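Chains as they are written, first to last, in this note's numbering: chain A, 207 to 388; chain B, 18 to 378.
It is worth saying that the hints were derived from the structure and are not from the lab. Please note: incorrect hints may appear among the correct ones.
[As the list claims (entries may be wrong)] Listed next, the in silico DMTMM-like pairs over lysine to aspartate or glutamate satisfying Cα-Cα at most 25 Å (straight line):
id, chain 1, residue 1, chain 2, residue 2
1, B, K305, B, D338
2, A, K360, B, E24
3, A, K287, B, D344
4, A, K287, A, E251
5, A, K360, B, E348
6, A, K327, A, E246
7, B, K77, A, E284
8, B, K304, A, E268
9, B, K80, A, E284
10, B, K360, B, E277
11, B, K77, A, E215
12, B, K89, A, D216
13, B, K89, A, E251
14, B, K305, A, E251
15, A, K327, A, E284
16, A, K327, A, E377
17, A, K360, B, E21
18, B, K304, B, D344
19, B, K25, A, E349
20, A, K360, B, D338
21, B, K25, A, E343
22, B, K80, A, E215
23, B, K304, A, E284
Owing to the predicted nature of the structure, the values given are computational and were not obtained by experimental measurement.
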Amino acid sequence: MKRAYMTSEDEEFSHFFNDHFPSLRRFLECLLGGGRGLAEEVAQESFMRLYHEGLRSLPTGEARFWLFRVARNLALNELEKGRTRRRLFEKIVEAFRPHAQNPEREYEATERGEFVLEILKRLPEPHRAALLLREQEGMSYREIARVLGVSESKIKVDVFRARSAMRAEWEKAQGRAAKAAG
Amino acid sequence: MNCEWSEKVSALIDGELDASETRAVERHVETCAACRRARDGFLLLRRQLNSYGAITDSFKQRKVLTAVLSSKAGAARGGDRRERGWGLFGLPRLAPAMSAALALILVAAALGLFALMRSRKDASEVDVAGHERAPAREVENSAAVINKSNPEPGATPSPENVERKENESGVGAERRERRDGIAARKTANAERQPKRTRRPRTKLALVPDDVATRTRPEENNARDLQPNATSDPSASTPAATNAASNTSRGVALDTARHAEQAQMLLRAFRNARLADDDLAYERARSKKLLYRNIVLRREAAAKRDITAARALGRLEPLLLDIANLPDKPAEEDVNSIRERMRKQNIVVLLQASAATRGKSY
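Turn these sequences into a full structure, and let the hints steer you where they fit.
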């Protein structure tokens, strides 16, 4: 529903929102391990905080980092909350899950990019966050360090470890698929 | 198998190596199959991650934007009707600029009406006393008329003066008439004096009752638009000036107190041992201080107190990050905040700010 009017500040905010909402939503979806609804909720909450904070109150160029920092902290809270709920739930689900992996399905999933999400979930959160900000947002190590509040050298190591772990899982899945096909 | 250069290959594809390192790693990759595989694997992952979730639901996006933009109005007044742009009693809600313009027009109209009523009252009193600017004949006529209607001798030109006017002519006569008129007005004014002494109280009454307490910047601006506001030196009274300086002092003391409390919180956070403490108290305290920090920073910015605004602006992200720490924060997260505190020297900055603001007022 359109508003009857929009102040210049609202207009500026709307441009900023339209520029960054898709990428923030994607970042959160990957960080939270899937679940588009939750990612959108957290993205909305992050933008709402930025709106109340005031886009113009932040130094030029800082808003994007501020936004991602807040979004990541909110996502961490969600992950922590979810972890407690899931502990019990997974115990039940695990009892009924078929333990034999289907390599062909796994390989198909790699083609669809869903497997990427799956192996991302297995990474520790700081590694996951660093890798996503690097690969999806194109941030430099310095910028990622600003968002995550850690040192640049730590980011360099985290990104490398995340890549190595993901590459290893990826190659394992491809190996399994190749074996199954052969 | 990973080569020991793999980490550098990772930094290479991110463009994070300097020129000499870049050349060295590129040369190595040409000769090392493991590093070539690593580079190709990293780039493939990059493509996969980039292509994931690239499509957005634009309808959903618009809905979220509407919700965000409506949140301020909804928070201020609440209710679905507000979100649709409707104000009180079903009337359409006006843009803030239009509301401000309308308010200004109403205030100006009220002032104009007030001034008009006062001038009419003055005019009627001057007529009784005798008009100073009226030509001689008109003064004569009016004096004659007044003499008939008004029995008070002191307030009107005396019959002797009127007779003298009939005998004399020219500028001198006119001057005498004016003098008489002025004298008569002064007499009339003297009678009104008690009312005038009450005017300062009326002026103070225009200033809101909460002038001695802290108010929001927009209230200060509204006060400035009113006549005889405390900012007008010609109209200020000692009581109003004291009230304004009390407001500034109150704000400065609040900021000093806030700086002290923030300083104590940051010291506690810096010295807490994560093995023994989950920082629950620091997180809760940080949240409270964060909200107050936002208010004080905005006030400082509105008052153009750049030093305070800057200090509060540097403090705010730290308070936010501490407040947002999870229940069992990781050591590296806590250390990163401590590192930022150390780099910004924030505790010393707050100490100085608290001391300065506490003393200067």
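The hints, checked one at a time:
Between K305 of chain B and D338 of chain B the alpha-carbon distance is near 13 Å, which keeps this suggested pair within the 25 Å criterion. Of the supplied pair hints, the one linking K360 of chain A and E24 of chain B holds, its CA atoms being roughly 12 Å apart against a limit of 25 Å. With a C-alpha separation of about 10 Å, the suggested pair K287 of chain A and D344 of chain B falls inside the 25 Å cut-off, and the hint holds. Restraint check for K287 of chain A and E251 of chain A: satisfied, since their Cα atoms lie roughly 16 Å apart, inside the 25 Å limit.
Proximity of K360 of chain A to E348 of chain B is assessed by CA-CA distance (about 14 Å); at most 25 Å being required, the pair is judged to hold. Distance restraint check for K327 of chain A and E246 of chain A: the Cα-Cα separation of roughly 18 Å lies within the 25 Å cut-off, and the hinted pair is therefore satisfied. Under the criterion of a C-alpha separation no larger than 25 Å, the hint pairing K77 of chain B with E284 of chain A is consistent with the structure, at around 21 Å. Under the criterion of a C-alpha separation no larger than 25 Å, the hint pairing K304 of chain B with E268 of chain A is consistent with the structure, at around 22 Å.
Taken as a hint, the K80 of chain B and E284 of chain A pair is honoured in the structure, with Cα atoms around 22 Å apart against an allowance of 25 Å. Restraint check: the Cα-Cα separation between K360 of chain B and E277 of chain B comes to about 19 Å, which is no more than 25 Å; the hinted pair holds. Between K77 of chain B and E215 of chain A the alpha-carbon distance is near 22 Å, which keeps this suggested pair within the 25 Å criterion. As the CA atoms of K89 of chain B and D216 of chain A are separated by approximately 11 Å, the hinted pair is consistent with the 25 Å bound.
With a C-alpha separation of about 13 Å, the suggested pairing of K89 of chain B with E251 of chain A holds against the 25 Å cut-off. Restraint check: the Cα-Cα separation between K305 of chain B and E251 of chain A comes to about 19 Å, which is no more than 25 Å; the hinted pair holds. For the hint pairing K327 of chain A with E284 of chain A, the CA-to-CA distance comes to about 14 Å; that is within 25 Å, so the pair holds. Restraint check: the Cα-Cα separation between K327 of chain A and E377 of chain A comes to about 17 Å, which is no more than 25 Å; the hinted pair holds.
Using a Cα cut-off of 25 Å, the hinted pair K360 of chain A and E21 of chain B holds, with the two alpha carbons roughly 18 Å apart. Between K304 of chain B and D344 of chain B the alpha-carbon distance is near 14 Å, which keeps this suggested pair within the 25 Å criterion. For the suggested pair K25 of chain B and E349 of chain A, the alpha carbons sit about 19 Å apart, so the restraint of at most 25 Å is met. This hinted pair checks out: K360 of chain A and D338 of chain B have alpha carbons roughly 18 Å apart, not beyond 25 Å.
As the CA atoms of K25 of chain B and E343 of chain A are separated by approximately 21 Å, the hinted pair is consistent with the 25 Å bound. Using a Cα cut-off of 25 Å, the hinted pair K80 of chain B and E215 of chain A holds, with the two alpha carbons roughly 19 Å apart. The straight-line distance between the Cα atoms of K304 of chain B and E284 of chain A is roughly 18 Å, inside the 25 Å bound, and the hint therefore holds.
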